[in-house]
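Residue numbers (our numbering), protein chains in the order written: chain S, 8 to 921; chain D, 5 to 289.
Treat the hints as calculated values from the structure; they're not laboratory data.
Hints may contain errors.
Over 12 angstroms on every C-beta distance to chain S, these chain D residues come out as not near it, computed from the model [unchecked claim]:
hint, residue
1, 140
2, 141
3, 155
4, 203
5, 232
6, 236
7, 237
8, 238
9, 256
Residues on chain S that point at chain D, a partial pick, calculated with CB under 7 angstroms [claimed, not checked]:
hint, residue
10, 11
11, 53
12, 54
13, 67
14, 140
15, 141
16, 847
Since the model is a prediction, treat every value here as computed from it, not as a measurement.
Ideal Cβ positions, reconstructed from N, Cα and C, are used throughout, including at glycine.
Letter by letter, the chains look like this.
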Amino acid sequence: MTAQSVEFSVTINARPTKILAHPGKRLSDALRTDLGLIGTKVGCDAGDCGACTVLIDGEPQCACLTPLSHVADREIATVEGLSADQLAPVQEAFLRHGAAQCGICTPGMLMAATALLANNPSPTPDQAEEALSGVLCRCTGYRKIIAAVCDVRDQHEKRLMPSAGHAVGAPVERLDGRQKVDGTEIFGADYRPSDALYVHVIRSPYHAAQFKFGDLAEFVESTPGVEAVFTADDIQGENVFGVIPPFADQPALAKDQARFMGEAVALVVGDQDFLTAMDLAPFPVVWTEIEANLDPLVAQTDKAPDIHSGRPNNVLITGNVKTGDPAAALSKAAHIVRGEMTTSFVEHAYIEPEAGSAWVDGEALVIQACTQAPYMDRADTARVLGLDPEKIRIIPTATGGGFGSKIDVSIQPLLGLVALKTGRPCHIVYTRSESMASTTKRHPGIMRASIGADTNGKIVGMHFDGDFDTGAYASWGPTVANRVPVHASGPYKTPNYLAQARAVHTNGPVSGAFRGFGVPQAASLQETLYDELAEKCGIDPLEFRRINALQDGDTSVCGQEMQGVGIRECLDALVPHWNAAKLAAVEFNRSSTTIKRGVGVASCWYGCGNTSLSNPSTIRLGITADGRLLLHQGAVDIGQGSNTVIPQICADALGLPLDQFELIGADTALTPDCGKTSASRQTFVTGKAAMLAGQELRRKILRMSNMSSDAVITLQDGKLTVAEQSTTREIKLDDLPSGEHGYVLHAEETYDPPTTPLDENGQGKPYAVYGYGAQMAEVEVDIKLGAVKVTNIVAAHDLGRVINPLLAEGQIEGGIAQGLGMALMEEYVPGRTANLHDYLIPTIGDMPPVQSILIEKTDPEGPMGAKGLGEHVLIPTAPAILNGIRHASGAKLTKLPALPHRVLRAIQEAKAPK
Amino acid sequence: MRYEAPETLDAAVRLLSSATGLTKILAGGTDLLVQMRTDVVEPEVIVDIKGIGEVRHIGEENGGFRIGAAITGAELEEHPTLSKIWPGVVEGANLIGSTQVQGRATMGGNLCNGSPAADSVPGLIAAAATATIAGPNGTREMAVEDIMTGPRQLAIAKDEFIVSFFLPARPANASDCYLRFIPRTEMDIAVVGCATCLVLDGSGKITDARVSLGAVAARPLLVKECADAIIGSTLDEAAMAKLDAAAQAACKPITDKRGTIEYRTKVAGVLARRTAKTAYDRAKG
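Here chain D stands alone, though its shape is the one from the complex (with noise of 0.2 angstroms):
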């Protein structure tokens, strides 16, 4: 097993370009060294991209938010601006496992380790957060919920890598936010996440919305239905019921021993509905 460690998205490329074995990158490493702690993945390269700066960064651009694939949960939720412009976003990412583990754990590696129930996921799909992608023709940009096609599957070459994300400018009157379901209180993989961003007018009329829904299908789920179901509203019970009811037409979830199929269906509306309530009294401030 060959480690490297580039310091330049260049050189990063270059590796993961020349490389023939089964070649692995390394941001925080929790799902990494335990798949090869568990034979998982036996990987022959292991590309370390954490000395990388554009993956370390986060600032404001444009009006909206840089964060850098490499950027750990624990460092989003010490961020002094971000928690309150985004909060559905930092909620899903700190998440990811335990305290021990947000210190190391990235919202790169979360969406590239390819878990339909990955916790920070939906939160950026309903952000309509970019990723930016670096390979051998420079770098590209592609919406969030495009990235990840099924389970372990990506729409990322071997030669390519997250860079970063790009939140969006937030008009006034906005805000978001993600809920997962657990059995337990802490430390576990969603049973269902779902994460629900708004915008409202001055009145508190809801203006735009976007709903994903995690663990229902084989992918972090954009759907529009449940956004078309609130847009228009002031979140009143027939608006909810019908946000209700289409995030459950849209789940195409498994039996395991997390939840029925049944289950599932039902705690997505719950969630939906209670993610936009939230979402909802947090933009009207």
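Okay, chain S solo, but in the shape it has when bound (with noise of 0.2 angstroms):
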């Protein structure tokens, strides 16, 4: 692209800026790779989802649809542009209405805004919709964004900071909101050593192939700017890794065979502009493809081959739980239903495609990437190159979204090789292609179950039986299957109960880690049923949940004994909307003929942490010498706000105000390990540790200044006040001598919540804390064309102590937008989908107003009575709607997504004679 260069002036946030490039090149890249200004955030480069969007004159464009010769001698506005000293009007409403999460898209949406809001200061939320929805958001759900949007105030504000002892529950802005909205927070494509390799992956194009290379030394030695190629030869240590070391089977670079499309085989390594250029044509492999096993069921029969060696039938594991006599309970009950659920592959979907760079350091191999789960990355790392993990350092950059998938590594262990091999810092950025043809999706389900109750409409007992798609490597499989049997009963009552669930191999993509770890899916059967069972038994389908909802006291399905249950608060608390939505859509559909309008309710529960095993958080508390307080917080906000969330704990578990604290991490050299932002386990875990290390500086405290547990903490001018009734002692920190990690003062603290192993049956104590939840979802469906729309859901979350209202309502609400989008529209075929115009998720305009109610049943185990809500607050969103639908047309849907010519069929089939 650098045949035919051109100068352009051009002017940029009202500087005269002059760009020497070919002019196809496109605007996006010449303002991130020619002037630096990586604000500007590529999703897709493809106009789909907006996060280049900058103004040029003006208007709101897709800097990626933008050659440059199109913006010569114009005005552009980018990201930078918006804020000098102080942030603009616009800045700072996004970060009181926390519409930033990840902040992938925060640029895109702000210029969007900025548009809009030239024409329109105050845009009513219509309006607002209208100006961003150009622009996908997967972390918000886009209320807040919404919200923010319509609220932008001329004056600055001063920012309140709780006081000592009153962060918790304070709906603090994110910490970590700053760098979010002006444009200079890092992701993983936004640091590129000078003089990096560029790494581009070879890729198998079939979902099962035998393959062999060529001379890859003659086409290294005859293609201009490609320095090297590396297959799986030249890996060094074990080439497989894997979430569960176990069962770690997947290769970093296949060899001689692949498994599934999209599967990595060989790196080509070069200068960038010639890579992204060039034709890979001429890359010397050749394919024999062979017969591919897509179906989880025929996978399990003589018919398909073994994909992995030693695992028979393709069945990876089956996770059961089983107790009482459900047979006899069934055969026995007044009213039972009987029914099936198949569920789609779904996409993460996060704005940010995998990138990340590394390079040499001294003795250390340093990787700095996007990721979820730092130290499983150095030891998958570590593993693949056979270095001790001690000798790699992993830098978490900013995550734009992982919501499960990017817990498992992707590129770090080719970025190592690289910069092993090479000795030269070497960087990467998946397309977003590539992206979603390689990394993990949400398992597929296909799921039977029957369900049965007495006269009074008491469940009685429950039978559920899944096969899930683990795809061509095991991944998160085991904790699908583990966890599934766990959760299947829903948060009621089930004296009688046996539940089995699959994770069975295919050529498919690989299934990992999906916000709920297959309980989406399972719930999506579970609580359609339920539906149908509480009309079978004539009882309201809000009042027959209530009737069998879980109570403190009451045994789980696994045996063990329930505190701090608050799923009877939540489905109280729905009661009113519930009765009012009821009425409003008997009333709507007396005059409306083509679009009629239902109501639907579910629930849920899940177990935080990981089931029935060890995940230890540890954190560390220091103060130096000269009065600074830090805290090393290693567990990655990939959005959802651990960087702001424990520092609130912590500062109440110590007594000091949260504006004192400044962040270290993550970092494995700076961090201790935070585990994986993952299992709604940050807020409860790392929150734990947080509290008993915060709790433990105060006992050191004021065991030095002999004071008691009343006394109050103060750090100001190099030294600790303590004071108590009359009494003041000061403690001098120079005085103090340095002790470990350089701190005068220092604690640390690890927290791994108790469980015990489940046995045979599934008994036992699979987790130490739960969360429960009840959401509403009214719809409309037009019944000539099977289409849906969701008008309204009210979420009711018991999270125990709230520990940050704000955030907790900015999870509830992007959570409901991604249970919106595996209801209605998300279905990944590989091959077919692997973009984000053909694989939908919601926009702005599909997503309803979300009310949330905070119920606060505090936990007896979780810190200061907190427990997770990241994942719940997705389980219910699909089964509520599903029987929205049903509930408005009739329409019984057993496949997921519920596209709208699924929802047609059924509609014409409710409506024949049966």
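Take each chain as given, in its own frame, and dock them per the hints.
What follows is the structure in structure tokens.
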């Protein structure tokens, strides 16, 4: 692209600028690489996501679709131009409303909002929706963004931070928010070491194939711009990785055989401009396609060969939970329902494709990339490269959404291999298609269940059986197979129960972690069957759930005695909304013939942390001789808010104000292991470690000053002051000897949730803490087209003690958006939907208003009574919508997503005489 | 890859005629830049036509409208009178991509990209629009419905390109409407698209009609049977039922991830009804 460079004059953020580049170069590329304006993000390079939105002569346009030749002599505004010393009012509004979570879409949203606000300083929500409709967000569910754009205030406000002892429960703005709204946040693609080699991955074009390389040395020799090629033969360690070490089976680079479409087989390393422009068709690899197995039911028969030796019939693992005598209970039940549900691969569709860099720094290999799990990245990369883990430093960049997929390594071992082999820094940025084709998905489920109730509507027994397509490699398949049977009862008292779930290999994409680990799929069956069972019992669906809701002291299907159970409170909170919505639907439907309205409800429960496995977090907290208070916070904040919530907990445990904390991390060289950001565990597990560390440091200070636990501590001017009634004592910090980690005072605490292993019947204590929730969805169904529009959602969630209500609402709204996508539109088809125009995620117009009701049933184990929330929030959404569709139209869906053609067919089936 | 930005029709035609390798025309770039990024096309020459006056002109002509091929959807919407007279044409053009894409995407590009689901094409066909095509022998006129012959196939030679579209003069009591169906609220490719253009007499009887369907066959269709079903009627239920059936009968769709054959066929009938109703109400004023 450099053969025909032309000098262009443009005005960027009011500054005249010259760019020397090819006229066809994308503006997004020129801004980022030629001018270093990395605030403009690239999510798809196809005009689908809008992350690259800039203003050209005041109009919002996708910079990725704009050739440089079309901006000559024009004015361009980017996020970097919005603020100087002070944030612009629209940026302030985004912070105030929690409109930025991971922050990757934020620059695009801000620019679209800026164009709107220039003409219309006080837009209505509808006008804001219209203006922002071209920018996709996967974290927030859009509602807080709309609220922010409709609440831009001219005057700057001083941000109020909670005083000592009042951080927990306060709606504190994200502590890491400023860099997300001013464009300075560094995501995976935003830092590239100078002279970095670019890494391009050669991938399998087939679901299953054998392959052989030709003369690679000759290819390198004869191809300008290419410096090296690496294959599995260059890997010196053990060429497997996997999130659960005993099941690790995925090669960093496949050898001889590719097991899924998009699997990495070789790396071409060289100059970035050449590699992105060059035609890689001459790369010497010969493929021999072999018959692929894409059906998890066929995979278990003799018709399909085993994809991995030692896993007969392609069954990776079977999880089961059994209690009582379900067969007898169901045979005696007064009412029984049976049903099936099939779900699809769901793509995480974070707006940031995987990206990062690696280099060698002295003895250490440094990998800086987006991730959810730095210590697991380190372990897997060390295994593949044959290095001591201590020799690898993982520096997480800001992560532009993860939702489970960025727990597994993707680029890390590849970058490490290139940096080690070449001794030079290297850089990789996945394309949108590459990201979607090669990383993990939500497990498709094929599930069957029977549920029985007695004449009073009490559940007497349930049988659940599910096959989950775990794809070509194990990833989180074992977790899904174990979590599903534990949760498939829903948060209801189920005395007789048998649930089995199998994780089954196919040549599909690798299924891994995705917000809920199989539980949303199972709930879509169980909660829709509950509506049918309620109908058979002649009981209102919400009342039916209230009757059966677990309560404190009840035993779960695993035989665990439950405490802090808030499901009943969640359902109770929905009652007035439910009654009003049902009446409104009846009224609406009286006069509307084509559009029919309905209301649905569904519940969730979800155990926080790993299932019956150790998953500790360690938090370090220290005070320096010059009076700084540092928190080593290793829980990766992928947008969910751990950079804010963990300090809030720690602040109140220690008794110092939140704004005195300086945050360090996450970074394997600087922060102790806080585990992975997954399983709704960070607020609970890392939060508890932060509470313990704060309490321990407080104890040390009180002991030094010989004060009681009621004393008030202040940290100012290099000294600690401890006061109680009339006594005040001072600790001069620079008088104290500097100890471990360079602190004069420090505490380091580890917390690991107390669980017990499950026995052969799945009996035990799989989780120490559970969270609960119930959601109500109002929908409108166009019965001629089968189109469904969700018009309102009320979500009641029991998250125990609420640490930060602003961020909690953001989690709820964002989870609902993903649940809505799973319910209505998201279906990943390998080889056909690896982009954001064939794979649809909800846009701003798809998201209804959400009313969040936070229920605080405190947990005896969680820090200050807190529970997890991140995954719970999407579990009830899909079944609530399905129940609403059935209420509106009679359509009973047995396959997700409920695409219009499926809904229309189900409407016709419901009408057909039985 | 060579980049050229001719400033006259002749210069553009000369470039197209003399080029040997793959040559692509750049207008808004919303399809071409994506195809280049994903290596679907790797042109040797790009001819950027945005510097040519004729393709960027929009204005009234002989009682109708002349719209340059590189006029964007956003510019169409901003035109002071076009949306009032041809609301359906503007609706179609304004459904190409998001707001951020509408500032770039053009009707000429949307047609020449050759997708049977192109949102702006049924509206042009229903409007009886013609295209002015420049080539080595000067310019020629062609009905829009004759231009796309199949997926990615056009009745336009390698050394030709579309300069502009012409929307004919409108009688009184006339209007149009375009609707498309997608599973989400915005930014998607049509499962089915339908445009209906109607002329009424003073009593509300339909005297002329054109109905076009997108995404239900290998190219956008002009369905004469749909027009026949409603001409002479006041769009009563009997006429509507005939229209619905004619639209369904015209469909030769495929099953893909966006919809099945059965579903697309049904939706075509529903959208024909709904566009006819809206166009009728608009024409009555």
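Structure-based check of each hint:
1. 140: Correct as stated: the minimum Cβ-Cβ distance to chain S is 25 angstroms, above 12 angstroms.
2. 141: holds (29 angstroms)
3. 155: holds (15 angstroms)
4. 203: About 27 angstroms separates residue 203/D from the closest Cβ of chain S, which puts it past 12 angstroms; holds.
5. 232: holds (23 angstroms)
6. 236: holds (26 angstroms)
7. 237: holds (21 angstroms)
8. 238: Non-interface label stands for residue 238/D: nearest chain S Cβ at 21 angstroms, farther than 12 angstroms.
9. 256: holds (17 angstroms)
10. 11: Constraint on residue 11/S satisfied, holds at 6 angstroms.
11. 53: holds (4 angstroms)
12. 54: holds (5 angstroms)
13. 67: holds (5 angstroms)
14. 140: holds (5 angstroms)
15. 141: Interface hint status for residue 141/S: holds (3 angstroms vs cutoff 7 angstroms).
16. 847: Holds: closest Cβ of chain D sits about 5 angstroms from residue 847/S, inside 7 angstroms.
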